[in-house]
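Visitor: As you go down the protein sequences, you meet chains A and B in turn. Numbering (UniProt numbering) for the first sequence: 1 to 471. Numbering (UniProt numbering) for the second sequence: 1 to 471.
The set of hints was computed from the structure by calculation and includes no laboratory data. Because the structure is a prediction, the values reported are computed rather than measured. Possibly wrong hints are sitting among the right ones.
Note that the list lumps identical chains together, so a pair holds whenever it fits in one copy or between two copies.
The list that follows gives simulated cross-link-like pairs (lysine to any residue, SDA-like), each with its CA atoms no further than 25 Å apart [stated by the list, open to error]: (1) Lys149 - Asp81; (2) Lys149 - Glu87; (3) Lys121 - Leu339; (4) Lys149 - Ser98; (5) Lys232 - Arg367; (6) Lys121 - Val430; (7) Lys393 - Pro284.
Protein chains: 2
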Amino acid sequence: MARSEGLICKLCLVCSVIVNLFFGLNLYVGRHGVWGWKWSSDEANVRGLSWSGKAAAEAESAAAQECSGHGRAYLDGVVVDGRPVCECSTCYGGPDCSLFLPSCSANADGGDPLFLEPFWKQHAESSAVVVAGWHRMSYSFSDETTLSKELESQLRRLHSLVGNAITDGKYILFGAGSTQLLNAAVHALSPHNSSLPAKAVASIPYYALYQAQTEFFDSADCSFQGDPAQWKNATNTTGDIIEFVTAPNNPNGHLNEAVLHGPNVKTIHDRAYYWPHFTGIPSPADEDITIFTISKLTGHAGSRFGWALIRNEEVFQRMNMYLQLNTMGVSRDTQLRALKLLKVIVEDGGREIFEFGYKTMTKRWDRLRKTLSVSNRFSLQKVPPVNCTYFQKARDPTPAYAWVKCEREEDRNCIEILNAAKILGRGGSVFHDDDRYARLSLIRSNDDFDMLISRLESLVSREDGVKIMQS
Amino acid sequence: MARSEGLICKLCLVCSVIVNLFFGLNLYVGRHGVWGWKWSSDEANVRGLSWSGKAAAEAESAAAQECSGHGRAYLDGVVVDGRPVCECSTCYGGPDCSLFLPSCSANADGGDPLFLEPFWKQHAESSAVVVAGWHRMSYSFSDETTLSKELESQLRRLHSLVGNAITDGKYILFGAGSTQLLNAAVHALSPHNSSLPAKAVASIPYYALYQAQTEFFDSADCSFQGDPAQWKNATNTTGDIIEFVTAPNNPNGHLNEAVLHGPNVKTIHDRAYYWPHFTGIPSPADEDITIFTISKLTGHAGSRFGWALIRNEEVFQRMNMYLQLNTMGVSRDTQLRALKLLKVIVEDGGREIFEFGYKTMTKRWDRLRKTLSVSNRFSLQKVPPVNCTYFQKARDPTPAYAWVKCEREEDRNCIEILNAAKILGRGGSVFHDDDRYARLSLIRSNDDFDMLISRLESLVSREDGVKIMQS
């Protein structure tokens, strides 16, 4: 009995030691850099990790800093005590961003699209990307271009899924945001060595960059001339005209259409906001030049990635030449990341991100409308509902910006009034419009939006004779 | 005896089972996505991985493709059978790049700096970087700029270690390669709204981009006017002059100095090649505008990252405005990666990368000189040795390019002769010089360089009356 028990015990011990040796060896090898340990995941192949583990641990260490939910620690942040510091939201401070700064101004100024940040935190695993030290060191891809073919395919797939642009028969170019592509397009559409430079125009109110770029780069071939209305009856006699058409429009969210038509008129369609987050998609854009940006689609403004759909080969070639001589194309690191982000979107036909974006924007507009509903002093733009082929229903637009009007006779400078109430935004004159208007950004972080609503509530509550429904 | 043996055996078994359970639980948790397994490394904190493991496995899967040592598989390559395909070196083909293409031309054309790729493969662990899905989505850093402060610090540290530029008292700006910064500098130095546009000049032979950019962007404020020599005695009477000074020079490796001096002369120093890979570093550059690029330092041409050191605040502000209106700064993804690469270099004072680069270039120049030593038909540029404060010795330069001269009277077009011998390069006229010269790139991959030597050997061996030393 004791003998057989001893034998069984010894056998068990031998097996157990073998298993221990197996695990132990794996752990030892792993600790020493060459991970022999096999790890599996539903999506990834069964494989061990070797050189990428350290970078992964660094990224997770930075991400693990919670910053009280009112800030972010980034891998490339300033390092204190061996870890990147918390970078706090507006109105929060302290080493862990837990300190609320009650006297600070609500930031509704720039178009930072951080309303989509929670989406990417929810999709951490599928959206992360590892860049190897030797990733794409060359100036060009193997086809001698500076454009990733896989990324181009994903973009075509995306437009086809969303139904917001026809890409068949169009060339695609990448730029450092739509910013670079806008000027590349202006350059490509301007006459060369003509005594009569082209006139660039945009309907008021318009995005300030159009004018700032054209004036600052000061090409001999093009000058900015303001509103297109003045050229409506003279398009054939005044040389080439380049019209910027922004749909939905920044600042007011309207689905603008071209004002000018004729043989001398060329049009650049800026469709940065033509996504289900912000508007119904009545039909796919099918234009000579259409410009999009990842900034207002995925929220990655910092990545500087945009693309243009171009019908005409000569215009494509000339825009391409601009991009080569300006920056030699878009960073391959950026293209790699954009590809990863687009794959997450395309995987489920965009369903998750557009529902997230649409719901977030709808909630924000509901809160904003409710807040201002009791006011006689401030009004919001009215944008008519449009049919959305993507969500298959008619829907109210949920524009990226509120275009606020100060209704009182004496409130001639709306942004000054808002600033005095500790709200940052952009005055109407920035968009070449009346200063009775101001733009407030609704696409920033939750912290910024909450603060905006809080400041607006307080401003409205101080109105004399606020509407009866408040009581 | 049997009893105590049985007891010891049981105790051992219990211990062993506990150890098994510990290892097994770790492995189980790891397999199910939430890596509970603690992994340690000398540099990283002890921590588990969660969301980054899948991306790490994907990157390692792509990198694991060997492509026979004559190609590379990238994470964003075209996918066939679930894996990115091999992209083969010039002169190699087939699905795994094992097929040598004997009739193909040696590529010594572009400045693709792949001679440094093996360095980064050797430093895979320290140079990899993980980009989280929510990394830096904003337009700006928390200080409202588009420039990473950590990256700026690393750059200053690097110049101080290498001794190739004084950064104290200088502003730093980032650009999409030196390409973007060159034009930003031209724009910043040009007069605004003057009736007399600036003249941009560069000593022959010069890098073609200077002229191509200035002419293509066609600013009303500046025009390209070729060689500075023609303005040597007229710098005060002809309006502003902007001189590009390239040191070491592209194509010929000479440490150029400014030709023009005077109150109306402004200088842009292009120091892309001022690193110990290519030249001795006699003293630190201390100039009004000095431009560098990661492309010729780390070999990451595809990342599009360069920087400028600027003395004057007004010039800095105007260049910054250019960069904002052109691209809104450099992609944050690129800045993150550049930071990681620079950290690897700075960590050991640059010792490893510069020794790697210098040794590689020295070996290549030795092979090239030996190959052409038997030729009466082709000669190489002579660049005098300079003192190198970095390596603390006098050394021969090892320029990035061979500037080959065809010596025979009838060989008026050198690049045509090289092309006929299946060698790709750039003719002298591309650099505004005599076509009796041609530029051959010596900084491409090992495969490209080996093929170049092979083609040159064959070309030289066919010469009538090759030098006696060949026999």
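Visitor: Work down the list of hints and note, for each, if the structure agrees.
Guide: Here is what the structure says about each hint:
no.: 1; hint: Lys149 - Asp81; in the structure: between (43 Å within a copy, 17 Å between copies)
no.: 2; hint: Lys149 - Glu87; in the structure: between (36 Å within a copy, 13 Å between copies)
no.: 3; hint: Lys121 - Leu339; in the structure: both (17 Å within a copy, 23 Å between copies)
no.: 4; hint: Lys149 - Ser98; in the structure: between (45 Å within a copy, 24 Å between copies)
no.: 5; hint: Lys232 - Arg367; in the structure: neither (40 Å within a copy, 69 Å between copies)
no.: 6; hint: Lys121 - Val430; in the structure: neither (34 Å within a copy, 50 Å between copies)
no.: 7; hint: Lys393 - Pro284; in the structure: within (16 Å within a copy, 66 Å between copies)
When held up to the earlier numbered hints, the structure conflicts with 5 and 6 and fits the remainder.
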